[in-house]
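Visitor: Work out the full structure, taking the sequences as your base and the hints as a guide.
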Amino acid sequence: MTYSIQGKTGDWEVVIGLEVHAQVTSDAKLFSGAATEFGAEPNTQVSLVDAAMPGMLPVINAKCVEQAVRTGLGLNAKINLTSVFERKNYFYPDLPFGYQISQFLHPVVGEGIVALDMPDGTVREVGVERLHLEQDAGKSLHDQNPHKTYIDLNRAGVALMEIVSKPDLRSPEEAGAYLRKMRTILRYLGTCDGNMEQGSMRCDVNVSVRKAGEGLRTRCEIKNVNSVRFVMQAIEIEAERQIDLYEGGGKVVQETRLYDPDKGETRSMRSKEEAHDYRYFPDPDLLPLVLDQAYVDALKAKLPELPDVKKARFMSAYGLSLADAAQLSGEREIAEYFETVAQGRDPKLAANWTINELGAVLNKRGLSITESPVSADHLGNLIGLIMDNTISSKIAKDVFEVMLETGEDPAKIVESKGLKQITDTGAIEAAVDQAIADNPTQAEQYRSGDQKVTGWFVGQIMKATGGKANPKMVNELLRKKLGS
Amino acid sequence: MSELTRLTIAEARDALAAKKFTAEELAGAHIKAMEATRDLNAFVTETPEIAIERAKESDARRAKGNVAGGMDGIPTAVKDLFCTEGVQTTASSHILEGFIPTYESTVSMNLRKAGSVMLGKTNMDEFAMGSANITSYFGPVKNPWKLNDGKDRVPGGSSGGSAAAVAARAAMCATGSDTGGSIRQPAAFCGLVGLKPTYGRCSRWGMVAFASSLDQAGPMTRSVRDSAIMLQAMVSYDPKDSTMANEPIPDFEAALKGNIKGLKIGIPKEYRIDGMSKETETLWQIGIDWLKAAGAEPVEVSLPHTKDALATYYIVAPAEASSNLQRYDGVRYGLRVDADDLTDMYEKTRAAGFGREVRRRIMIGTYVLSAGYYDAYYVKAQKVRALIAREFAEAFKKADVLLTPTAPFPAFALGEKMDDPLQMYINDVFTVPASLAGLPAMSVPAGLSADGLPLGLHLIGKPFDEETLLRTSLAIEQAANFTTLPQLLRAGS
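Respectively, the protein sequence lines represent chains A and B. Numbering-wise (the numbering used here), the first sequence opens with residue 120 and increments by one. Numbering-wise (the numbering used here), the second sequence opens with residue 895 and increments by one.
If you are wondering where the hints come from, they were derived from the structure by calculation, not from laboratory data. Certain hints may be false.
To be verified - Below are the BS3-like pairs computed for lysine-lysine, each with C-alpha atoms no more than 30 angstroms apart in a straight line: (1) 207(A) / 1277(B); (2) 539(A) / 587(A); (3) 267(A) / 1242(B); (4) 1134(B) / 258(A); (5) 258(A) / 1242(B); (6) 1242(B) / 207(A); (7) 1277(B) / 197(A); (8) 1134(B) / 207(A); (9) 1274(B) / 207(A).
This one's a predicted model, so the numbers in the text were calculated from it and none came from an experiment.
Guide: Set out below in structure tokens:
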């Protein structure tokens, strides 16, 4: 199912490359000791270095380097043992040094691969071109005063990883899947919180279109798109704009564009002619970053199990379907929750309850798994109660409702509410006898060959026992008694 | 001129220890001298209150027997590119006028901790760009060495204010900074000892940056021993400067003991350049003879790319400077010229804030880093720079230390060589190669020109071998016996 857009002159293929800017999870900035907490009062997380006071010098934060290398390893990428920080020079009020310290010719991480699970069950491999470390800029606030621009430098100098994909993506869906997968990997690694609303993960989108079999045509870059949905929309809208241009006899100009979700359009920010000459050169305040292989190996040995490996293990070790395994491994916290539930219990039952029962509730209440009102231990206990026939699956759902409200241990709920399943043959037999005796007409129906009435009897008996009778035993006894 | 201001650091140290006078008296004498020599324009900011306060603290320490070291109580001038806590720091630029740092540079903090008494902040070429101290926003500095032609001489640059202050006995010593010769050339022009340590020996933290890969702080003093004492107080390993080397720090004064018998003195044959004055060439030969007489052995060495050093320097240094100076944008501190829009504000602020020479170098630097020119200029210059460093390394296989003149001619008159920047850049021809290679080098006063202006000899050492450099300098100092005072200080003048 190849994605294409039908134009007047035929089908167009869309070529997409993504640049993800991921804020490195770290207590301090890339080259200063200032804090990086989100939402602090403006200009309260600014060191002398971040403000580019005269004579201030950058010192690389080892934690940020470690996070970049771990991310590179998580993307199955080549780690460059020598990389170089360069200065990208341009003037802007929220860029205190007048240059951004970034990596240009020699990034810390080289080529890697991200595998995408597509809805049709296929796996798409997308190439990563590079990952480099760079500083974030501050923030210009234009809306605080009609005549002035205010500057907040809290974010200035915060470490970002720029992760550049190859132009391997061919549809908005693939781009969306890539971004979600990237976010999953980053969150698994704990190297970025992947929070697009707070801006800790942002995306520049490169889009071009072409006819099948052609080489690459001119691309446009859509800057700073801040949600997966907007990225997908922006691609479609930009691709259509380019197709209209070509088909109207025009040409696409290489330029930087902005996506306006309200108007549903992309607009030109600046053309190639206006593009800055950034005058990159190696930052003389910093020596080349040299890592040794042992350091990289040690980080590799300590990497957590990543989503693709976890998914495969969920399928092989627990016998889960691809869909269930993919869903449960999609977030590290969900996977951990599931594995706690499944510990020593039927994994398929555990998967069902985690995905369906709990998942539905969390979805409805807008909660994440870490905010779940039912703990993994308690859900596991509930499944244990089903497995040892203490309660039926049906009763389990009632118990689960109570757990959602009270957060109590299911065993306690079953005990206090007297919901324990009746498995005593004598008690069930008595209830069956009573039901047959009370309903001779229906009993006669059965005997004359109408087996469907069995279900009606089961309902009567369950009602009489408050749903606690073991349904299997009820069925067996009923058939025996009616048949006799 | 008070007797107290004639002392060297070593002499003052001993006298303070012997309680012959107090640090406060010593500071007072220097404050008077500073005021009396204001015509030189050596200081941008005088800090007599701080000097007295720190001198009193020094005396209190001494009274308790807690002397901080050889620099305790020594009146010191600080070049105005070292950020000083609570004291205006301008780098002699209008764009930083009124800027008062909340922090102290590592080097000036080290000196403070060693007990030195800051007299004030010295004038300099704007952002250290210049060789005559004529590019300062606060006006040129005059050299206390004069001739009878009525013209003022330049003190050299960029550490011209520091050199003039120490030569005029308004300070016992001063910090300088050297990017391509900014300590050594003014030391030569003012009859002083000026030492540029190995790149990475002194922390650059808190020094207003000119060219980060070249800038290095160093002492400017009136004797080689003082140079060792002051250097000791300036150096420390500072993790805040990522380009620093964590090398062991020797006892520099102890390195002056012993002799230079058997030491191999390299004489680079390519340093015999056109445009060098006859007396400079003669002095060089005399220097060789002195060291030979002291037991050293001159050997010829070759540094073939010396001729390309100036061109290389004038690509690398402006390139770095153009980027380093981008932070002066009127947004956060220093000068701002208000305008209707952002671009206009940038342009007006920087046009008003930077002087001609700084603007020229920003433009050169921007040009050599531009797309399309980067490979031809910056990348090529880096290659030549690496080549120059390699040639020095080769030369040091044959020699322990190299001897050259410091500058091709003595101090010139204020107003000369001002129209032609290339003529000005020639000043640095002997000092720039060592800067490019990051090597320690120092200038020692060695004699006078025919008309009576000081001339310096220049020694270049192996990386982190300031000890051999100091020991060899001492041999020259002893042989030269340079005791002449600047005309300004002679009786009757």
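Visitor: Which of the numbered hints are not met once you compare them with the structure shown?
Guide: none
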